[in-house]
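In case you want the letters, here they are:
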Amino acid sequence: MLKGVLEGIVLEIISHGEIYGYEIAKKLRQLGFEELAEATVYALLLRLEKNKLVHITKKPSELGPPRKFYTLNEQGREALSSFWVRWDFLVDRIEMIRKEGMNKNEL
Amino acid sequence: MNFSNEMKERIKQFAKEQSQYYLEEAEMTYLEKLQHQIGQTKRKVTNKLSKLKTRSNVSIDVQNDLILYMSDYMNDLMENGISEQEAFERAKEELKFQSETTRSSDLKDKFVEYYENFNPADHEAIGLFYAGFMFFGISVGGLIGFIASGGRELFLSGGWIDTLIGTAVGGIIGIGLGLISNAIIVLKKKGENKL
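Quick mapping for you: the protein sequence lines, in order, are chains R and E. First residue of the first sequence: 1, per UniProt numbering; consecutive thereafter. First residue of the second sequence: 1, per UniProt numbering; consecutive thereafter.
Chain E residues, not near chain R, derived (Cβ > 12 Å throughout):
no.	residue
1	N117
2	D122
3	H123
4	E124
5	I138
6	L143
7	I144
8	E153
9	S157
10	G171
11	S181
12	N182
13	I184
14	V186
15	K190
16	E192
With a Cα cut of at most 25 Å, we get these calculated DMTMM-like pairs of lysine to aspartate or glutamate:
no.	chain 1	residue 1	chain 2	residue 2
17	E	K96	R	E34
18	E	K190	E	E124
19	E	K96	R	E7
20	E	K12	R	E49
21	R	K26	E	E86
Hints are computed from structural coordinates only; laboratory data are not their basis. Idealized CB from N, CA, C, for every residue including glycine.
Chain R extracted, bound-state conformation (with noise of 0.2 Å):
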């Protein structure tokens, strides 16, 4: 079921506007998920690109070969809101659950 939180979470980061490869793990750190491998973010990246949900602009590096800079595109971004309403049912079902167990040893 969370499957692909990952990837909706990326998503959004790219949604929020030109970014490269590297800065999204960096961005990905700094929100906390510090555990995460490089090697996952990477495989994310590639996989979205694969699945063409991002489009890629290549610009100049100073480290050689030029740099990816990710967007969403329009399938992109039917993926993320597709992600959000479903972020939202699960987390709507998992607050149910918890105000059940609540409301039982209250009783």
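We have chain R; now place chain E onto it with these hints.
Structure of chain E alone, referenced to chain R:
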């Protein structure tokens, strides 16, 4: 931050090795769809794609991407006071392809294929061939050795050695014939599966 030439080469080499694994995993969803559409085995489709991959620029693109990602990460680590060598080792560890999905899925396919085609009767037949040829070889070899050494009269005065040699050679010939029949059965089975 600039890396030494040796380090640049090592980063390039790492990216070259690892990019294939990442690419394979990213293509999995596409592969599965394709597999269903054209009804081919995953291995066949993967082989076709890997040929395409080596010829296309996709692989180079992923390599370059990984080089940049790794360089960014190393720069970040070095800015925090870590040496170039240490940063490389850490980045290598962090960026090493971790998912075993593709390989384990291929292995699973192999096991499935093996058990799907597994027939206890084949194994029984192979065992019987081995045993049959062994008994046949041992008896014929022993008999030839016994007769050639001079028969019953000379058996105790040295003829037993020839009988023993004949038995051993016969046994080896039996194993050899068993191996040949095993190979024939396996090849025949393989041919049937291809059809």
